Each structure stands twice: as structure tokens, then as C-alpha cells.
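Trainee: Below are the chains, spelled out letter by letter.
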Amino acid sequence: MAWIIFALVFWGAAYGLNIWLSKSPMHATRAVRLAVPVVFGVTILVVWEGLVRGLGVPRVILPPPSTIAVTFSGELSTLWVDFVQTFVKGALSGYIIGCGSAVIIAVLIDRSPFLQRGLLPVGNFIAALPIIGTAPILVMWFGFDWQSKAAVVVVMVFFPMLVNTVQGLADTSTMQRDLMKTYSASYWQTLLKLRLPAAMPAVFNGLKISTTLALIGAIVAEFFGSPIKGMGFRISTEVGRLGLDMVWAEIAVAALAGSAFYGIVAIIEKGVTFWHPSQRG
Amino acid sequence: MRSILPILTVVAAILVLWYAGAVGMNAKWAQDQAKRAGVELSTTQLVADTWSQARPRLPAPHQVVAELWQTTVQKKITSKRSLVFHGWITLSATLLGFVFGTGAGILLAVGIVHNRAMDMSVMPWAIASQTIPILAIAPMIIVVLNSIGVQGLVPKAIISAYLSFFPVVVGMVKGLRSPDSMQLDLLRTYNTGGGSTFWKLRLPSSMPYLFTSLKIGMAASLVGAIVGELPTGAIRGLGARMLTGSYYGQTIQIWSALFAAAILAATLVGIIGIIQRRTLKRMGMM
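Read top to bottom, the protein sequences are chains A and B.
Each residue of the first sequence is one higher than the one before, counting from 5 in our numbering.
Each residue of the second sequence is one higher than the one before, counting from 27 in our numbering.
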């Protein structure tokens, strides 16, 4: 009972604190903007802990955050092996191959308006389909190890990336292209000095969308078969053994890896597209 | 309309590549079989064989279409082998989850726009949720709900709901904030209250954003329902067809389930697109 009361009191106090913070004259400062969501997140963890302990929820249904943290720190070596298998070998290699080939093909088809008009609708159409369904097929073709996961990731990130890059390459004004023409710039000079830099905001948009898709693809592909390591493998087997604290620990790893991956791409974007209006101010 | 010819060309190119790929990937099996039978295959025989194997590595397009035709039109829809039956199982979970997910998402977006405390505490998390693979908790939801006796439609719908929830929140917040300060100022000079500003300005101008996020949410819901069918070894639904197909090496079955899922996704997103065009035209926004 004490746990429940503690959780409710903490929730009330945090609620009041956040309301006060957001109404205070300092609500626009950086510290407060950061503090409010942190308070919200901590409150969720505390209420979760308090309710699970207070109501005696069985650990096979919902383990409290403290148990998950203990498992997390106790199983660091396993989690690291899984992380390397799924993220570094599966997701990252597939991400690089998929995004790289999409950009190259986008530059190639960019010379032909005919191909562009044909590929853009088809690419947009395919990007909206449940491509994750190709996972069983690719696992059958490339075996259980990370190669098949990388293949799933390649298929998943390819079309969003292609569509974004093609749109980005078209993102120059006639005036700018005419200027290059008055300099008598060749196709390659125009491409390297004007159109590729101008395409960067759209390219990075595609890269950022692809970070999440890459992780999802790598994890879900492991549900269809994998060697005895990997985040998706661990999640599906531990769920079967009702070791939910381990499942939550893997999910924490996936969340950390996903947001770190996205964050790194966003930082690179900031450096590359510093000139774009969305990055100023 | 002038892009029909290019699109057809691209589709035709894909089909040609596909048939060529089927020859390449199935040739080894065909030749092994021929060697065992002690016959030499001519090129035409080889090609014909690679396009008509029962368990090819890559089924040819016409095999997939034939399987789709057989399992949709020629089977009774109550049959366990009918793709319409499996498709409906997946579709019902998708739609239920979609309705709840987008409904809750729109409500939360309205709250976020009108309450600064909510905006500052929830919004960063909603945005951060877009960068993490929340699909990974799908197996856990299925198994945990199963252990407390809830199974069938509801667990899959929950996964669909939370996958469509966050994109809708983020999109709708953007939409409800899209009126510029000039428009908001005008309503202030009319002494309009918060309620009328919402109904007369914010909600109408959020419509384009709403439809865009509905399309994303629908696609996410379908993926959620399909993935929700994987972990427990479900026997019904499009995801289950893919899973059993991959267990028993029935490649044609996997491909037909994949195409059924793709057709379903395209139809659902297409319906939203039609509603979008009609609505925006009536509102004079297109």
C-alpha cells in the first residue's frame, strides 16, 4: 500500500512541478525545456515501479524498472554480443549498402526525365508497402546469419532513400542552374557543386527515416530465424521463457541504439546543411 | 497521365528482371534434378522448368498470380486456405488498432496544442518515439496478454494502435499549429474564444496534415498486425501465412501472402487518398 501512495504522491508532485515550470516566466529557457520532459519520464518510471510493487503485479507480466536495470547491468556482455550482431553487422551494413546504392541509382536516373517519371511513383508506392514481409524470403536466400538481416535492411531503406534523393536532386531553381550554365560548367561540375549540395537536406531526411527502418528490419528479420545471438533472437526466445526483464533490457538497448543512431545522423546533417533555413537560429 | 508510359516501362523492366532472376536462382535445382534423372536439359527446357517448379527459390510472377487467384477466387472464403479469410483476420486487427490509435493520437494532439505543460512534457517523447524501434515490443505484448487470457484480435490491435498513435500525434500537432499568426490575430480581433478558434480555424487548416498522418498510420497499423502474428506461431492471418510458408519452404505461399499484404496496404492507403482529395476539394484547399 505504501508503494501505491508513494507513487500517487510523487505523480501529483511532479504534475504540479511541470505545470508550475511551464507557466513560469522561464519556460522558454533551455534548462526548463529539458527539465520538463525529464521530470515526465522519471515520473513514469517511478509510478511504474510503485504500482508494480504496490499491486503485486507478477514479474512475468510486467517487471519493475529496478529489476530491468539490474538485469541490464548484470547481462552487459550478452547485450553487447546481441548489439554487435544485430546493429553493427545487420542494421549498419545494410543501412550503408542500401542508402549508398539508392543515392548512386538516384544520380544515374536523374539524367533521364523519362525514368524519373516512371520510378518516382513506383518507388513511392513500394515505400508504402509492408516490405518487412520480405524478411522470410530473404532469410531463406541468405541464410540465418547477419547477411540476411542486412539484405532485409537494404530492401527496407532503398526506396524511401531513392525517392528522397531524386526529389532533392530536383531541388534547384532555374536561376541557379542558369548561373552554372553561364559559367559553362559541365554536367559533373553542376552535379558536384550545385545539385548534390542542394539535395543534402532531402538526402538527410531520407537518411534519418532510414535509421529507424534499419533497426526495425534487422530485429524483425531475426524473428524468422537467426544464430543464437542478436536482439530479435533474444527478444523472441526470452519472451517464450517469460524472462521479461531481459526482454525489457533488450528493448532499452534498441531504444538507446535507435536514438543514438538518429542523433549521430542529425549531428552530421547539422554540419553538412548548415546553410539551410531549417538549421539556422 | 503523361507518366503512364514511363510507369509501365518501369513495371515491365521489373517483370523482365524478375523472370531473369527466377531463371538464375532456380537453375541449379533444375539441373540437379536433370542430372539425377540422367537427361541433358536444353535451354528452353531449363527456362520452362525454372518457371514452373513447385518450391522454387524465386517463384516466377505468373506462379504468384496463379496462387493468388486460386487462394482468393477459387476457394470458399471460409476455408482455412483462402487468402481472403487470412486477409480479413489481419485487416480486422489493423482497422481496430488504426481507429483507436489515430483517435487517441488526435485527442492527445488537441491536448498538446492547448496545454503548454502537456506540450513540454509529452512532445519530446512523442518525437523521440519516432527514432526507436517500438515494433520490438510486439512479441512481448502478444505473449503477456496471452498469459492473462487475452488473445486473438485484441493484442494485434494494440500493436497496430500504438504504431499508428505516435505518427498521428506528431503530424496533428504540426497541423493544428499550421495557422499563421495573421489568421490567429484576426480571430483575436473578433474576440473568438479557444473553442471557436479550434473548430473554425485550427481543425480545418490541419486537414492536409491529418490525411498525411492517417496514411502513415494506416501503413504502420498493417505492419503492426502482420508482425503481431509472427511470435506466437499464429495459424491465422497474413503474417501466419508467411511464417508457415517459411517453415515448410512453401515459397509461392510466402510470395502470395506478401502480395496480398501489399495489395491490402495499397487499397487502404488509396481509400484514404480518395477521401483526402474529395474532402480537400470540398474545403477549397486543392
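Do not take every clue at face value.
Have a look at the derived ranges for each label pair, beta carbon to beta carbon [claimed, not checked]:
(1) B:303 / A:10: 33 to 39 Å
(2) A:32 / B:206: 16 to 22 Å
(3) A:125 / B:81: 32 to 38 Å
If you're looking for bench data, these hints aren't it; they were derived computationally from the structure.
Note that the coordinates shown come from a computational prediction; the quantities given were computed from them, not determined experimentally.
Quick reminder that beta carbons are idealized off the backbone N, C-alpha and C, glycines included.
Trainee: Does each hint hold? Answer for all of them.
Mentor: Each hint, compared with the structure:
Between residue 303 (chain B) and residue 10 (chain A) the beta carbon distance is about 54 Å. The supplied range of 33 to 39 Å is therefore violated. The hinted range of 16 to 22 Å is satisfied by residue 32 (chain A) and residue 206 (chain B), whose Cβ atoms lie roughly 20 Å apart. The beta-carbon spacing between residue 125 (chain A) and residue 81 (chain B), approximately 34 Å, falls within the hinted interval of 32 to 38 Å.
Hint check: a violation occurs at hint 1 only; the rest are consistent with the structure.
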